Structure formats: structure tokens, C-alpha cells
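Assemble chain B onto chain A, guided by the hints.
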Amino acid sequence: MSSAKPTGAASGAPVIGPGHSLASVTDQISKIVLSRQTPTGWFIGLGVAMLGVGVLITAIGWLLWWGLGVWGINQPVGWGFAIINFVWWIGIGHAGTLISAILLLLKQEWRTSINRFAEAMTLFAVMCAGVFPLLHVGRPWLAYWLLPYPNTMGMWPQFRSPLLWDVFAVSTYATVSALFWYVGLIPDLATLRDRAKSLVWKRIYGALALGWRGAARHWERYETAYGLLAGLATPLVVSVHTVVSFDFAVSVIPGWHATIMPPYFVAGAIFSGFAMVLTLAIPIRRIFGLEDFITMKHLDNMAKVILATGMIVCYGYAMEAFFAWYSGSPYERYMIVNRMLGPYGWSYWALITCNLLVPQLLWSSAVRRNIAALFAIAIVVNVGMWLERFVIVVTSLHRDYLPSSWGMYYPTVWDWALYIGTIGLFFFLLFLFIRFLPMISIFEMRTLVPATGEEPPKKGLHIAASAGPSGEARRP
Amino acid sequence: MSHTTPTAANDAPRTGPWRSLEERAARVGGSEPEHSHEHSHEHDQDHDHAAPRPSNALLSSVEVARRDFLRVMGGSLAAAGAAACTRQPDERIHAYGASPEALIPGKPLYFATAMPWASGALGLLVESHMGRPTKVEGNPDHPASLGATDAFAQASVLELYDPTRAQLVRRNGAISTWSAFLDEFSALLEAQRASGGVGLRILTPTVVSPTLHAQLVALLKTFPSAVWTQWSAHNRDRARAGALAALGVDVAAHPDLSRAKVVLSLDDDFLAGPGGVRNARAFAAARRARRDTQSMLRLYCVESSVSITGAAADHRLPARPSVLAAVAARIATKVGVATAALPLAPEHERWADAVAADLLAHRGECVVLVGLEQAPGLHALAHAVNHALGAVGQTLRYTEPVECASVDQGAELRALVGDLQAGRVELLVVLEGNPVYDAPADLGLRDAFAKARVRVALSLFDNETTQLSNWHVPATHFLESWSDARAFDGTISIVQPLIAPLYGGKSSHELVAVMAGAATAKAYDLVRAHWQSQHEDDDFESAWKRALHDGLLAGKRFSARSVALANAATKLAVATGDGLEWVLRTDDSAYDGRFAANAWLQECPRPLTKLTWDNAVLIGVASAERAGLASGDVVALTIDGARLEAPVWVTPGHAEECITLPLGYGRTSAGPIGTGVGFDAYVFTRRSGAWSGAGAKLERLERKHEFAPAQEHHDMERRDLVRTLPLGALDSAKVHPALAHGETSLYPPHAYNGVAFGMVIDLNSCIGCNACVIACQSENSIPVVGKEEVINGREMHWLRIDRYYEGDPSDPRVLLQPVPCMHCEAAPCEVVCPVGATTHSPEGLNEMTYNRCVGTRYCSNNCPYKVRRFNFLAYADLETESLKLQRNPDVTVRTRGVMEKCTYCVQRIQEKRIGARREGREVGGDEIVTACQQVCPAQAITFGDINNPQSAVAKLRTEPHHYGLLEELNTKPRTTYLAKASAPNPQLVAGTGEAR
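Protein chains in written order, with the numbering used here: chain A, 1 to 476; chain B, 1 to 996.
Same shape as in the complex, but just chain A:
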């Protein structure tokens, strides 16, 4: 706890609002879940999201019935929205893992209030991302051939293909993210079990809590498991998007074939992920009155991460242009000129505006403290990062080596439908999550309570220092 500087001068804001006790933290977070009164807004939100899910199901059905021809992909642009959206969603997922795992290992405890739903966001984003690679193949019913399993055909996948690496990277990532999230939930599930009034919910949460009693041995094992998972997840933050970038970097296509791709993709992923966390956190803390837990300090820190990773991404853009010139290859040079001035030039300049120019506003602390401005910038970065993937995928493919084969790519209504559908799915899952699970880690938040000055700080391991959640619940 020595690193805890709750009222640090640099941040200018605490990581938890004043006046909170251990009980008030538990009450305030768990009541969102346990309250019988579901806010009307939640129903509206869930309804809208379900419409999106309906669009998703329709788009998938149409696609499976007719084939990939319902999309705008063609010769030469063999990949379109599906891959763009896949990379975009995977990128968004990154912030969750980064916040939970890396910041945990770095003992950045300001992460505590946002890690739970950032992890949920990761999980849902990976689910949305997973829709695309499966559906973008011509014969999705045979997509399992990408898995190495013993079979009568005596065939293995082709291990040199980055698409195969993708399968491993993304499935590993999805598994570890899900485990990490679930393990982190266990103590809170026990709290909910103990506090739930209805027998049904007691049973459900009880089953999910895996018999957690808050014993010291439980905490010890929890700490070990959580630490190990964090250690496992940390390299994944780097590896997943590195592997995704190999899809492009390993190819021979100008605009794809670049060594800058892996770091640039990882930075881009964190950049877009934090923007998405901000996009979600700002309305949620407002709606559910969580300003005391997700404080200005959090928003400020996230803005700074966005600024930093944004600069790395822009360094990537600069290097792409530099190496196109420096390579001396006419194909590379044409690629960058075409990217800037070709038929899709608008997308490049929109991307530069969104990812390079607008985030510069975050240098100003006034902007970082302005919630509306932060929200707007986060949205702009989300759009910008989507455009980045559009630029990489489409403008590289549509004009490669032989001018005779150059063409254009125009997304169809079904491209949009599937994209909007996954956004619907994402929010659908998110709405379910905030209603049925504690979106902020209760037990971890309670470790911050000493910082409010209401209760004396305790010594020792920060988690073990607090009493077990069940014990807490028993307090009258």
C-alpha cells in the first residue's frame, strides 16, 4: 500500500470519493445488481441493443443463405468490413487486459474501479471480433479445419499461415480473458450471494461463487491464481495484436508488408481500447452515480494513456510514409501516394484528423477535466481507429501491383448490418453485465477505503487486509 497516493497532487483528484466506508462501498456497488427496481433506462438501452442483435442475426442469416457475395468484397479487395471490424474489436478489447493485468502488476491501483468492466468490455469485444473471422470465410461450416485436430483426412492446418496464428492467438486471448475476469469476480459473487434476497439469485450467485467463504486460504489461492493469470494475460496484450498485424505484415502487398506493423498495431489497440473504456465509463458513472469510484483521476489517467499511445500510432503513420519513400520501391511509393491522394484519400485524412490532430487536445489539463470533451474525443478516436483499419485493408488491396486488376470496394448494406449488429451484441452483453454482475470490483474498491481517511489504514496484503465479504455482509 506504500504506493497508494490517493490524493496525489499530480492527479489533482482522488481515486475514490471522500466519505466512503467499507459498508458504503459494498452497498453502493451491490445495490445496482441486487435492487429490485430496474431503471427504465436500462430497459430502453437493452431494447435498442436487442434490435442490434436482431440486425446481427438477420445479417448472419442472409450471409449464410447467399454467400459472401452479399458483401462488397471482390477482386482485388478480398477482405473488407469483416477484417476491418475484426481488428477493430480485437483492438478495443486490449484496454481491458492492459488495465487488469499490466496495471495490476505495476500496482497502479487507480485501475481498481475500472478494471472489472474494462475486462467485461474485453470479453464482449473479443466475442464480437470472433463473429467476423468465422463468417468471413467462404465455407464457414468448414472453418474448424483451421484447428489442429486429428482427423481421418490426415490433414493438419498449414502452420505457416498467419491466419492460423490468429486462431491460436485470439482463442488463447479469449480464454485467458474470460478466466481472468471470472476469477476476479469470485469474491464479489460471494458478496452478492450473501446479500441477495431472492432464493433463485442466491442459488445462482452461490453456484458461480464456487463456495467462496473469504477464508485466508481462499484469499491466498485467489491472490496466486489472479497473479498468475495477470502474468499470463500480460504477454497476450502484446502478442494478440502482434499476431493480428502479421496477417498484413507477412504478405507481399504494399501497405501491408511493413515491419512497423506489430508495435504500431499494439499501440493502436491500446489507444482504441482506452478510448472505448472512456466511451463507456463516462455515461455509466453518471447514470449509476459512480462518480466517487470512477473519479476524475481515472479519466485523467486514461486520457494520458490515449495521448501517449496515440503518439505512437502517429509515429507508425510517419514511418509508413518514410519507408515507402526510403525503400525506393515504386509500388510502395505509389501505395502511400494513393493512400493520401487516391480515391480513398478522404479516409486517410479523416484518420489523420481523428487519430493525430484531435487527441492533441489532451495535452491541455482543462480538456482532460472536461467530461464532455473527453467523451467526444473518445468517440473520435474510436472512429479514427476504425478508419485506420479501413485504410490499411482497403487502400492497400485496391491498388497493388498490376494496374489492370485495380478496383474499388464499396461496402453493401449487409456489411453495415453485420457491423452494426456486433455493436448491438456488444451493448446487449454490456447491459446484461451491469444489471447482473457488479461492474466495479467491490472487494478491491474496499481496499481503497483507507485512502478516504474514514477508517484507519491497515497493514499487510491489501486484499487480505479487508475482512471477507461474507463477514462484511453479516454486519448489521
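Rather than coming from a laboratory, the hints here were simulated on the basis of the structure.
Because the structure is a prediction, the values reported are computed rather than measured.
Careful: at least some of the hints might be erroneous.
Cβ pair distances, simulated, as ranges [stated by the list, open to error]: (1) Gly61/A to Thr839/B: 47 to 57 Å; (2) Ser327/A to Ser732/B: 21 to 31 Å; (3) Phe323/A to Gly754/B: 40 to 50 Å.
The beta-carbon is built from N, C-alpha and C at its ideal position, and this holds for glycine as well.
The following block gives chain B in isolation, referenced to the frame of chain A:
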């Protein structure tokens, strides 16, 4: 064999082909056992009745048995198709009790036949799989083919199996029967017989069949007052008039390009179309550039439109018709032919003078060619020029024309329309052709047609003419009927059927025989009897057998006719008028309209414009700019009172102040494929027979038309894709200097021991005629995707021809490059496939395993040549029964979601390899012939074993101008190119200051 439940038979949709109304009626209504009996009985009867009874011979016995087999198969296939695939057919089916001799199941047989054209037959060898013709090849022994074909012949096999072919005799549109037709037709003829046929008119396309000609001549003896009229839209009328004016006799001029050093084409697209095959062969041979080549044939081309001949020219002058006439007059004057001078711009004068000087320098080794579309005066002038240049007898040979009866078709048609309008025609019999569609618009044939009391049309398809006819008798396709046809040089080919008529059609021979009173005569007997009567020797049978086997009758070539110039002095008439000049042209895909319903041809990118599924008003770049027009703008086009709304296509290299109107589109009755595609330029055809004129007015309408070009970008972007090198310095081929790092790799090179397949494409020979594109489509069962999907960029051709423009857009150099799969040794596609569906064979083939492909399209993205094709939708038509018969049984049909691409015709490789293995040897260096290679009229494609130093392909790879496309990427392509060679006239290079 077995009888299944009758209820199932009634439930199933009856969509399969059937051969007669009786059969159909029986199938729909009849009770099962009885039906089965009837069916087999009918076959037996048919067989006895129809099969020829040769006294001798292997070939004929195969023939009989094969056709017999087909009869049975036809019926049972239809039933099998109509019902679900798990049922046995309702009808009695016959086992292959006694296999026909020479037929090994799974092995194709080849039969010689010929495709008849107005300009002479094209000899063919047709591949037959178990009685189904699947692929057309050229007949190497035939003088018009020499083993190659054009795109039309390649697509003819699709025409045969077209499900929209006319399948029933129809009376005023309603279903009728052949016997009902015979009853009425015989009565009508009987009525005519009394008057000597005064009300009888027969309209045919140009007849090149001696048998049909003899039949018609005999018929006209029975009906002395009847009139036989010939009409083909793209006819020889103007050339005929020109020959008559200059030489006094109607002769056809045949250039001998093998002896020519300099050729001047006055808008003669002699490399394209039905006659282009043999010309392309000779032209390519005369221009073949190899290490030691010192000189090659030089081609000058003056043309108004754009053509592959113009693209192949060393010097091409885009000139509207009036300028073309003036250039021709200037050249004529310079070489000593007296003709009135016409006004000419100085730069054109310079061009004409340089050409004239070159022609004079090659006296006796040069020839001037004139397009069929040109005015008689220009033909006459060219005869004079060729005489003056000593070409006649050296590079030019005169023979009698190919038509059996050469007439002024325009005059004949005018007379017919006159008779029709006067109500003198009682019975009009149209034997194939589509005169209602393609007759000159101002003749008013469409209106006059209905004035004939009874109109009978024999036609393969429903068309504009059958729509206005009382009777429509379905015709036989040339692949299912007996006939004969003369080639351009008089060589006779016997047209052999490869399959029994699919829909019980009748041939022209049979219908004429009906008119002559022999209702049951069979085309086979008629053709055979005709040649038997012509035969002088005793042993006709062996001569006949030989003719069927070889595809031609020996000793029937025309001898050269020596003709003297009768009238040298001519004055060229030049059309004048306000507005743009215009030219009409047959289309590279639809020709005169007859192929408008052929999906392969419709989707085949036109050689120069790369348009598919459309024709367009072609206009030059500067003219379009002046008129404020862009490609796709719809204009109202007015010529001589006729008005049409049509979209324009801005065409680099098109003559300025001039438009081209491709014929053959805007069909109103051409089935689901051809109806309503493009606009009908026939509205501008006139009784004068002029194919060009002046006074076209364009008015831009505020409307756009969406074209489906297969290639959108025309500039090579300074990339080293199509290389052009000066003849004599062919070793100056260098890779792009910035990328010249040679082959570098961290890995040791892979050793290819044994056979290593490779292909070399000679860009100097390729004329871009598209024959290879359609041959590939036919050989590999490549689906058609339709206009929408071409717009979406999803055309499926495994072999495409890239076309680039270089230089001034008004007069660019056109560069053509066929691009199949490169079969890279270091193939970028292979490493990225996650399931290993595309792999490398030990011989260096880049193989595609369709079964394994899950369709990630990563391979296509990573292919620098973009030769891979993806089944975005279910493109292959797996339902239409007749199309199933067409497919190559050695090639897998690809389903939705699967990638495909050029395989180097791996099925042909396997066939030869198996053959070689059985003989215990390696496959020969030149033994395997790919479909594109076999069809190429210019012999531009060479395939074989690059490890065998004796193979043609290995030798070509050592040529100095040999290079690989994008070889700087280290893909090590197995398909490589020979650079284009240039040997321009130095005078013209200096004169125009343009380096070519």
C-alpha cells in the same frame, strides 16, 4: 429396368430436355409401364429410321452406336434430371451391352467437323465425352483453322447446350408439332406448285454449303418462278462491287502474309473474326522475334474505330472515314495509281508519304488490304494499288469467292422487300438468319415481313424473325446436324454431328428437302448423295470416310485466278455532312447479333474497350472532351433521321470527330441473356449498304448508363509490365533498375528434378483476340457471373488479357498481355493459406485443392498478379440439365465459397502423364498442350517442360527478351513472357517525334 411409383413421377417438375411432343406428353400424363414401353419403342423405331447404314467401317459404326447411345441417354438423362437424383428413371434404361468400338469410358474421342460462316467454314475437331461434345478445337488440317479457332467457335458449344434454344415447333407462338407443320406446309407448297412458285420466296444467309446450294438450285427448277434471296448483314457486297468495278469479275482477294514484308490495312480488321484465325497465324509467324531475327513484317493500319489489328500495327493512324479515303488516295497517287486527290492535313500527308515510300521499297513484298465494311471505291482503288505494287501473284492471290452463289445481297433483299410490300409473297421461308433484326432499317423489312401470307422460319432460337413468323421450326445446331461448307479457299469440310439433335430440330437441308417433296430425307443422306454424285473415282466410300476423318475433302481448293486490272482510275466518294462521321462495326462478342444470347461471349471483355455485357457508342478522347462527354453518359444520337439513345464509351485511339456503333445488340427477342442488352445500331443501316457516313449528331442527355468494364485502369504507372524492345536489341531487357537485385533468398533454391512445367507467352505474337479466354472457360467449366457481378469486380476468367495504353490518349500504343496463373515457384499464395488448400506440386504446379478450401481469400489478397478467382456466390449453374452436358468431366465444378484459378490445365497434364507412364517413359517436353495454347491462332503460348532443354518452352526461356512479370518480387514465376519487339519505320518515328 425398374418401375418406380407413378406418384413420384407426377410430383417432380418436368424441366429437363425432351425430344418430341409425344415424349413429353407421355411423360407428363402417361401411365408408367405403358410409357416405358412406348419410350423404348420410339427409340427403336427412330433408330431404324434415322441411322445411316454405312456399308463399311470403323468410324461409321462408332458413329451409329454413339448416336444410338445418345438417343437412349438423352431420354433417360432428361427423366433423371426431372426427378430427384435418388430415384431411378421412369423409363426403361439400357445398359451398355456392347460398347461401341474405339470408345473407352472416360476417354474422349475427337471428331472433325466445321463451323459455317458467310466468309467460309472454320474446320474444327470437337472433343466428345461419352457422346457429349464438350470442347471445340481447331482442325490442324483445315486451311482456315490450322489447328486454332476464334472465340466464336469456342463459344459455339455453349450455344449447342443453351437451355433457351427453341425446342418446339410453334405455330403463331403456340405449341405445335412437326407433323402438323408438314401438313400445312405441304398444302401451301402444293398450292405454289401450280403457279411455279410465283408466291414462294426463300431467304437464307450466305450459303457456303454446296449441298444446300445444289438443293436450292434444284428446288428452283421445280418452282421456276420462286426466288431465293441471300442476306447476311456482314456481307461481301462492297468488296464484290469493288472487284467488279476494278477487275470486271467478282473475285476474292487472299493475302499471303508469309511473303509480305509490308502490309497496309485500310480499316481491315483482318486478324479478328471468322477469317482472322489463319491470318493471325501467318501474321504472327511473319513477326516472330527471336534472338537472331533481323526483320519482321511491318504493319501499317489506318482505321476509324479501334481493332486488334490496329493494336498490332507498328504504325496506326486513327482516321475518320473521310480522312481514311484521303490517306488511301494519297498513297495510291504516290505509288502510281491515278486518283483524284482529296484534302488532307499535313501530318497525315507525311504519314501517307512515308507509308507509300515503304510500300514502294517493298514492291512485290507488300500488300494493301481493305475491310469488308469499306466502300466499293476503296476496294477498287486497293486492287489498282496492289497491281501497281506488284502484289498480285506474289502476296495477293485472287480466287473465286467462297459463296456458292455470289450475288449483290443488298439488291436481292431490296427486291424481296419490294415483292413483300406489293403483296406478291404467299409463302416466305426463312432458313436460319434473322433478317427482321439485321436487314437495313430503311428497307422496312419488319413491316413488309408480315405482308407475306405465311411466314415459316427455321431458327435455333426464338428471335425477332420467328416472332413475326407463322411457323417456327427449331433448327439444328451445327454440332448436331450433317452438312458441308466451303472454306475461304474452296476446301470442302463435311459438317459432322457430334450428338443427336437435342430438341428434334431440323436442318436447312431437311427443310429444303421437304419443299422438294422429300419430307423424310435426312441431312446425312442428302450431303452424302451430293458428294457421291460429284465423286469421279470408284471408291467413294473410302473417300467419304477419309473426308469425315480429316474434316475435309481433298482436292477441292480453288485455283488462283489471274485477273487483269480493267479500270484503274477511280475517284473515292466521301460522305459529307454536318456533325460527326460514323462507322458501323460487327461486335467482337455478338458479331452481327447472332451471339447476343451467348453468355460466354457477352461476358468476354471486348478486346480493346474491356466492356462486357454491353455495346457502346465509341468516341475519341478529344471529341468526347469537346462534347463534354464522359464514359457512361447517355446521348441522343441522330443520323439521317434515325434517332437512338445510347451510352458513350470514351475510347483512347479512336479517330476523332467520329463514332463507332457496334452492331449486334439491342435484341428484342434473344432469350434471358441477350434481350435488351445494349442498343440496336441496325437502325442506322441503310439500303445503300454503307457502313459509314457523316452527319451524326450527339445530344447529351442527363442520364448515366452503368457499364461493366473488366478493367478500369489503363495506365501501367511506369511499371515494367509489358516490355517493348527494339528488334535487333532484344537483349536490352532489364528489370526495373531500382529493383535489380537479382534472386536473393536466405534459403537454398528448391531443386526441381524431373519434369518442371512452365509457360512462355510471346507478347509480340499475341493479338488479344480472346480465343484463349473462351477456350479456358470452355475447358475448365468456368461459370458466367453476369453484368452485376462484373460491375462488382467478380468476373471468373482464369485467363485474362490485360490491356494498357501508353502515350497520347488520342493515339496511344495499345499493349496487350494475357495473364494466367504464374505458378510461382515461391508462391505468395501458398504460405498464407491456413488450411493448405493451395500447394506446390513436385513439378512446380501451384495447385488448388477445392475440397480443402474454406475460402479465406488470403491467397488472392497475397497474389501480386491477382489471378485468383473466388466463388463469392453460387456461380456454377448446377441445376440446368443441358448445361451439365457441356462441362468437362475431367474438371471439378466449383461451389460457393471456394477459390479457383488457372491450373495449367492439370487434367490435360494428367492425361498425358498417365499415357506416358503406361509406356514407361517421362512425359515429353512439348507433349502437353494447354487449352489456351491449343486455341491460340497466333501461337503465342508455349507450354512444356522447362527442365528439358529440347523443349520449345525451355528454348524460349533462353531468349534475350524473356522476362518474368514482377520478377523483382522473387516469386520466380513459371509463366513468363517474351517482350514485344518493335521495328518502326524510322521515317515515321522521326516524323511524328514519337518513340514507339
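Quick rundown of the hints versus the structure:
Separation of glycine 61/A from threonine 839/B is about 34 Å and departs from the stated range, judged on CB atoms against 47 to 57 Å. Here the CB-CB span from serine 327/A to serine 732/B is close to 26 Å, well matched to the stated 21 to 31 Å. Evaluation of the 40 to 50 Å hint for phenylalanine 323/A and glycine 754/B yields a pass: the beta carbon distance comes to about 42 Å.
The structure is inconsistent with hint 1 alone, although it conforms to all the rest.
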